[in-house]
Amino acid sequence: MRSSDSTTIDVPESKKDVPESSAIGKGKAPLVAVVVKQRGGWKRGVAIFDFLLRIGAITAALAAASTMGTSQETLPFFTQFFQFQASYDDLPTFQFFVIAMAIVGGYLVLSLPFSIVSIVRPRAVGPRILLLIFDTVALTLNTAAAAAAAAIVYLAHNGNSNTNWLAICQQFGDFCQQVSGAVVAAFVSVVVFVFLIFLSALSIRKP
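Every letter in the sequence shown is one number past the one before it in UniProt numbering, and letter 35, counting from 1, is 35.
Just to be clear, a hint being listed does not mean it is correct.
Quick list of the computed label-pair ranges, beta carbon to beta carbon [claimed, not checked]: (1) Q177 <-> W42: 41 to 47 Å; (2) V137 <-> N158: 40 to 46 Å; (3) G181 <-> R121: 37 to 43 Å; (4) T70 <-> A201: 33 to 39 Å.
Calculated from the structure, these hints are not laboratory results. All C-beta atoms, glycine included, are put in the ideal place defined by N, C-alpha and C.
Modelling step: build the complete structure from the supplied sequences, incorporating the hints.
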């Protein structure tokens with residue numbers, strides 16, 4: 001006997017093609033951004049420290065020049081016709097000191113833009129080489145002026161019996177105090193210049 005009932009087989013609908021981009025993104029962890037540290041980061045820190053040192057050197061150099069340039073003392077006496085006066089311009093060494101320290105201070109002011117360029121572009125070698133060369137020249141001038149003035153200050157404090165150089169600081173106490181402070185400030189700028197040259201040489205080397 002033939003059955004009139006028909007058998008129906010349900011065929012599941014095929015999944016629609018999922019876009020490849022959606023399939024890739026599905027079930028995947030979000031991408032993690034990796035921050036890569038740029039080369040030369042430590043050089044920017046060195047450049048900032050260089051800039052701060054230059055400001056300190058400017059202060060020391062100009063303070064030395066102004067203190068020496070204003071050093072003067074007159075001993076009081078009963079009459080105005082006989083007065084003993086001590087001034088920096090009485091000695092050529094002190095005059096050279098004032099001129100040299102003024103030049104050094106002016107150079108340091110002019111070097112600040114190059115130091116700023118080194119901060120903005122820490123991997124630039126050109127400004128560093130220029131600073132290294134001129135810092136060395138300025139250090140030589142600064143050291144010469146400070147050493148020459150220190151020798152005169154020593155004689156002013158202690159004298160020299162062999163050359164009949166009297167210790168004038170016993171009478172001109174304020175004058176000697178001023179010139180001694182100027183020499184100390186000059187040697188402070190010498191020490192700062194040594195650090196500046198070291199930083200420039202450190203920045204020039206390859207990372």
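Hint check for W42 and Q177 - Cβ pair distance inside 41 to 47 Å: 43 Å Cβ-Cβ, so the 41 to 47 Å window holds.
Outcome for the supplied range 40 to 46 Å, where the beta carbon pair is V137 and N158: Check failed, 33 Å falls outside 40 to 46 Å.
Per the hint of 33 to 39 Å, is the separation of the Cβ atoms of T70 and A201 within bounds? holds (37 Å)
Using the Cβ atoms, figure out if G181 sits within 37 to 43 Å of R121. With a Cβ separation near 39 Å, G181 and R121 satisfy 37 to 43 Å, so the hint holds.
The structure fails hint 2 only (numbered hints given earlier).
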